[in-house]
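Undergrad: Once you've looked at the hints, go ahead and assemble the two chains, each given alone in its own frame, into the complex.
If you read the protein sequences in the order shown, they are chains A and B. At position 41 of the first sequence (counting the first as 1) the number is 1259 in the numbering used here, and the numbers step up by one without a gap. At position 365 of the second sequence (counting the first as 1) the number is 366 in the numbering used here, and the numbers step up by one without a gap.
Simulated from the structure, these hints should not be mistaken for laboratory data. Where is the CB? At the ideal position from N, CA and C, for every residue including glycine. Among the clues, some could well be false.
[Claimed, not checked] Pulled from the structure, derived: some chain A residues nowhere near chain B, Cβ distances all over 10 Å: (1) Met1219; (2) Gln1228; (3) Tyr1231; (4) Asp1233; (5) Asp1236; (6) Asn1238; (7) Ser1241; (8) Ala1290.
[Unchecked claim] Subject to a maximum C-alpha distance of 20 Å in a straight line, what follows is the list of computed EDC-like cross-link-like pairs (lysine to aspartate or glutamate): (9) Lys1276(A) with Glu41(B); (10) Lys157(B) with Glu193(B); (11) Lys31(B) with Asp443(B); (12) Lys157(B) with Glu56(B); (13) Lys43(B) with Asp103(B); (14) Lys1276(A) with Asp1233(A); (15) Lys43(B) with Asp443(B); (16) Lys1276(A) with Glu432(B); (17) Lys157(B) with Asp51(B); (18) Lys457(B) with Glu41(B); (19) Lys1276(A) with Asp132(B); (20) Lys1276(A) with Asp552(B).
[What the hints assert, rightly or not] Cβ-to-Cβ under 7 Å is the rule here; a few derived chain A residues that face chain B: (21) Ala1242; (22) Arg1279; (23) Ile1282; (24) Arg1286.
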Amino acid sequence: MRLTDLPLRQPAYVDLIDWNALSASDGQRLREFGLCEGASVEALHHGGLLGRGPIACKVGRMTIAMRRSHAAAITVRTGPSDGDL
Amino acid sequence: MTNLPLIALVGNPNAGKSALFNALTGARQKLGNYPGVTVERKAGRFSLSDGRPIELVDLPGTYSLSPTSPDEQVTRDVILGRQAGERLPDALVVVVDASNLDNHLRFALELIALGLPTVVALNMVDLATRDGLELDAHILSRELGVPVISTVAVRKRGLDHLRGELETMLDGSAGKARAPGEQSDFEGLRREARRIARAAVVRETPSRRLTAAVDRVALHPVAGLVLLLALLFIMFQAVYAWSEAPIAMIEGFVASAGDAVTAALPDGLLRSFLVDGVLNGVGSVIVFLPQILILFFFILMLEATGYMVRAAFLMDGLMARVGLSGRAFIPLLSSFACAVPGIMATRTIADPKDRLTTILIAPLMTCSARLPVYAVIIGAFIPARTVALGIGLQGLVLFCLYISGIVGAMLAALVLRRTVTRGASGGFLMEMPKYQWPRPQDIVLGLWQRAVIFLKRAGTIIFTSTVILWVLLSFPKAPEDGAVSQVNYSIAGRVANGLNLVLAPIGFNRDISLALIPAMAAREVAVSALATVYSLDADEDEARLERSLGDRLKDNWPLPTALAFLAWFVFAPQCISTIAVTRRETNGWKWPLFMIGYLFALAYAAAGLTYWTATAAGL
Chain A
1219 MRLTDLPLRQ
1229 PAYVDLIDWN
1239 ALSASDGQRL
1249 REFGLCEGAS
1259 VEALHHGGLL
1269 GRGPIACKVG
1279 RMTIAMRRSH
1289 AAAITVRTGP
1299 SDGDL
Chain B
2 MTNLPLIALV
12 GNPNAGKSAL
22 FNALTGARQK
32 LGNYPGVTVE
42 RKAGRFSLSD
52 GRPIELVDLP
62 GTYSLSPTSP
72 DEQVTRDVIL
82 GRQAGERLPD
92 ALVVVVDASN
102 LDNHLRFALE
112 LIALGLPTVV
122 ALNMVDLATR
132 DGLELDAHIL
142 SRELGVPVIS
152 TVAVRKRGLD
162 HLRGELETML
172 DGSAGKARAP
182 GEQSDFEGLR
192 REARRIARAA
202 VVRETPSRRL
212 TAAVDRVALH
222 PVAGLVLLLA
232 LLFIMFQAVY
242 AWSEAPIAMI
252 EGFVASAGDA
262 VTAALPDGLL
272 RSFLVDGVLN
282 GVGSVIVFLP
292 QILILFFFIL
302 MLEATGYMVR
312 AAFLMDGLMA
322 RVGLSGRAFI
332 PLLSSFACAV
342 PGIMATRTIA
352 DPKDRLTTIL
362 IAPLMTCSAR
372 LPVYAVIIGA
382 FIPARTVALG
392 IGLQGLVLFC
402 LYISGIVGAM
412 LAALVLRRTV
422 TRGASGGFLM
432 EMPKYQWPRP
442 QDIVLGLWQR
452 AVIFLKRAGT
462 IIFTSTVILW
472 VLLSFPKAPE
482 DGAVSQVNYS
492 IAGRVANGLN
502 LVLAPIGFNR
512 DISLALIPAM
522 AAREVAVSAL
532 ATVYSLDADE
542 DEARLERSLG
552 DRLKDNWPLP
562 TALAFLAWFV
572 FAPQCISTIA
582 VTRRETNGWK
592 WPLFMIGYLF
602 ALAYAAAGLT
612 YWTATAAGL
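One chain only, chain B, in its complex shape (with noise of 0.2 Å):
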């Protein structure tokens, strides 16, 4: 346990606290959950002048400690010193917007109020300069009875100032707050947030404000939707076209790798699990990270601007009909990186029964695990032709894919709401940010928590699975007369081949039967697990093994098959991680169970379909 000086950042959503956070700690940051809750609990360490480490919590946004959602309730219980886990904080930093401190002033002065020693960070006084406003922190600060310190988070502006503040602060030569004033109801301290924010205003003049320009287009009914659609396909697009250089680099790095083993070991156990096993396996799936950071990069971009919010208020009308709200939006978009952090982010949703359909429908969203498994289905079996200007076939073929998710989770919905979930909706009520330029230091901090959250679930969950699925396919060994194949008279290929009665009539053969086990572990697993399985199954005809396994699919499944594959990846709820979240966001496992059952219905129901009319196609 550390015992260091713990400092709470809270302040309203959108006054730019992640931002001061990423400023102060960069990449000394730790993601975790608070115990017995779900919402996330960023923290991070810097120092101040003089050296000495503090550890600071970035707490979820919250307009004032009346809590409506689980995230705005776990703020006022870190700062009551009331939540699990967490010590009272020593101190304070309130952040406020520079540009809207009527709303924000009293929020803070709820915070001022309850006595701890705090700091307030005036933030983004550089927008509010750009639209005319000038501010005198020295007034605010007199008012408040609190240090107000100016920051531009964004651009490192006012840190050393407020390390300076927060120092003399925890040496405890500052005053403590002021004692909690007698305005301590609601209208009360609106009326003194006010009457302080016009005392606080030097100058005001008004002036074109560039967010208004861009949301009269991004916003307008047809325009608005036609940027969103090009969005999304310009990111999806853009997951295929700028992954090909550095998936042939990893691509290349892993071969030489295996080669390097090769050579090195003779032949034997060792060498085929090093090879077939770990090379194979894990090289198979870590090759998809450029991809996966792409789309993170995507939707990182989209949230840091300030769009998010906006294709909410798009697809709002469109969510409202199949009983959703457009609050559901953010957590499904997330979703599409993966469905863990997507059902996490339902904790914005206030109404009960919104938030269970959210997160109901969250895994048909095609996360990031499924794209090694489209990828190398549609590599394989896509021809790489140009179907109109700048779109290439395998790129629609992908975008067909998400949108087949997308259309199954609205359905979903739809029945979901009539029936297990029935009820009035919530409706959609947000406050819409500012657009702002992202800080690129934080967007490749987010990148990078998501390339090493990536590389640990290879290193682990991955690697596991794919060591277990190697043992289980070399034992026990196929006789050396050669009337049976190794993989056949494995544990795991008779397990498959009692599995693949089921899945025999809707197109899947051993090998697919085989691949579904582990990626109940993870999805992207099924590409390790079949790379292995043609490895081994590879090993008498030594050319064979130069082969990609993409050429390997080719000569082994009927293009029916492989649509019915990408079908059922489309829908099945494959992942261990996303029931867990799921299990722990809806208290029980009646729903998880529920999720589990009417998504491999649909799934089953979906490559049946697919693989018939393929079929009767003559494909």
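One chain only, chain A, in its complex shape (with noise of 0.2 Å):
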């Protein structure tokens, strides 16, 4: 499921990202941030009040903010991660 789909609160990993939809920096950015395929991830808060704002997740020990756009780029997976990535 993408990232704009996954519950609040409920730890997944991130099993692809699609590069492709994503800005050289975007993606740059995303990368330094720490997410990566096989990175743990959370939904912790969406913005706005239409659910139509940006989502702030943990990834890592860090809390990122990123629009929507960007979390639709990234697929994620609950369940045991795939072991050391």
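TA: Quick look at the structure:
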């Protein structure tokens, strides 16, 4: 499922990131934030009144705010991790 | 030129670099700009234990050596010795957040690989411990191949140890950083960072986190917005309520200084210059120091606690609707203090169109220089009534003026984004720092720096324009017969009378036209200009000298004129510094001229509409 659909406060792992859907600099920034395949991720907050605002999620030990368009490019999976990535 | 050893502080954003910088240098720091770019150069001095002075430069936080914004580019260029006006640092202090090692170590590895003498400051170890994370600095040091010092910058812990390590390093007795490793690619560095971080963890227990708990409220779509609005309202209410007593004190001081000069000097040009020009002019501006400091206090607190990014998160949905990103919220909020740092803060916005739009609307945020103007007019014309529990009418009007600026800015952004700065929005991607209780000394230091900047402004730009205005108002001397007033007869009066032809339709009188000219230098000069005009005009009637500027305005202006004057100041781009910084940031005259044009048009229209509506309503 996509990160946008992940229920709040449910731990998950990044399965796949569609780097082509992100601009080069946004992609670079996400990688710098530690967002990569296998990273643990947890959606914490949806901003905005109609759920159209950005999403705050925990990635590793950081909390990151991103727009829904970024989150939609990230496919996540709940359940145990593949292990050390 | 100094040739002290230069040490650069570098690290990820939110690693606590600035706190470490403040803790090491204290009040011995200087703010400036790198030549050619507007990125702030924050440098300061501190001494090693043997008394040797060191120059420390605090670089903008960045996530890697691949820059995506002008700020990050400077960091890279300084570290590589490519930045004009800066020599290659003799050593690096890499600041990492102890509770976020996986991420911060990657950048640290990238920096260590450069081969400069490097010390790692493992910062905020207390927060990591609170989160149930225990780290071994020795293992970390062994794995990284450089000294690692545990620090808590906000409590000044570990600083002596850090100084000692730098001392050995500068003496050359410490080993150089290890040779650049083979894993220089991003993925390799990331894996290595993760491996080292795991090796250094002694114990890790899951624990409840304060930040998560606070964020459940602070980031809630409804509760969070209510909280943000409440905070902003308290901030503006406090600007009024807390400043009364200190303002009265400064006013008393200026008045007694005026009395002393009047008593000491015979009536004449010199006395008029000192009393009407200097004391009335500059004095009427420095009384606003308390209000400006209160405003900056709130902004510094919001930034230091980590709330500012939350505000950006809450506002992103709204900002996106006018084509901006939540990121623009931070420069815009700091523009409430002053548009100049606000415009400079747009450098963290990567998208050029987002950035340009933010620059163009930043002057609409009610900067603190407008406060003196608002305060005088509101004080004179709006009764100090209570409209509801704890809400005064004067505070409410001030709040409305701020809101008008915000609404105006949002509408302007909407229009600009569809016309001159058309293009896709750059989006919003930010790290949310942990909440932190700010160190009082850091806040005091920030306020001190702002106070010095304001007083310097009062002492230079404001003083100069006040003096020039006094000269232009005092000469040529009007004939003694009293047929024509001194102000009308003076050079300034004649210019103002000409300008008034354009401004009369929107309800402005000659005195306002006159005050608007020097107010181009700095907005608050409008107040000192009015003070000087009325002070000079009051010459014959000694009793009137005792009256406050507010009372004089009340006698001379109808209410619609006062309201139109307020409306003008919501929009007018009256500050040369803002125009200059816009020119510098946009590399040319095209955008500043555009900004001046559109803001004056808005100001004229807003003042006109206010005047005509108020007159029609019989106010």
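Undergrad: All the hints need checking, so say for each whether the structure fits it.
TA: Structure-based check of all given hints:
1. Met1219: About 21 Å separates Met1219(A) from the closest Cβ of chain B, which puts it past 10 Å; holds.
2. Gln1228: Non-interface label stands for Gln1228(A): nearest chain B Cβ at 14 Å, farther than 10 Å.
3. Tyr1231: 15 Å, holds
4. Asp1233: The claim holds: Asp1233(A) sits with its nearest Cβ about 17 Å from chain B, beyond 10 Å.
5. Asp1236: The claim stands: Asp1236(A) keeps its Cβ more than 10 Å from every Cβ of chain B (closest is about 15 Å).
6. Asn1238: Consistent with the label, Asn1238(A) stays out of reach of chain B, its closest Cβ about 16 Å off (over 10 Å).
7. Ser1241: Not fine: 8 Å to the nearest Cβ puts Ser1241(A) too close to chain B.
8. Ala1290: 12 Å, holds
9. Lys1276(A) with Glu41(B): It is violated: about 31 Å lies between the C-alpha atoms, which goes past 20 Å.
10. Lys157(B) with Glu193(B): 30 Å, violated
11. Lys31(B) with Asp443(B): 14 Å, holds
12. Lys157(B) with Glu56(B): 19 Å, holds
13. Lys43(B) with Asp103(B): 28 Å, violated
14. Lys1276(A) with Asp1233(A): 15 Å, holds
15. Lys43(B) with Asp443(B): Judged against 20 Å, a Cα distance of about 14 Å means the pair holds.
16. Lys1276(A) with Glu432(B): Distance of about 10 Å is within 20 Å: holds.
17. Lys157(B) with Asp51(B): 19 Å, holds
18. Lys457(B) with Glu41(B): 19 Å, holds
19. Lys1276(A) with Asp132(B): 15 Å, holds
20. Lys1276(A) with Asp552(B): 58 Å, violated
21. Ala1242: 9 Å, violated
22. Arg1279: 5 Å, holds
23. Ile1282: 6 Å, holds
24. Arg1286: 10 Å, violated
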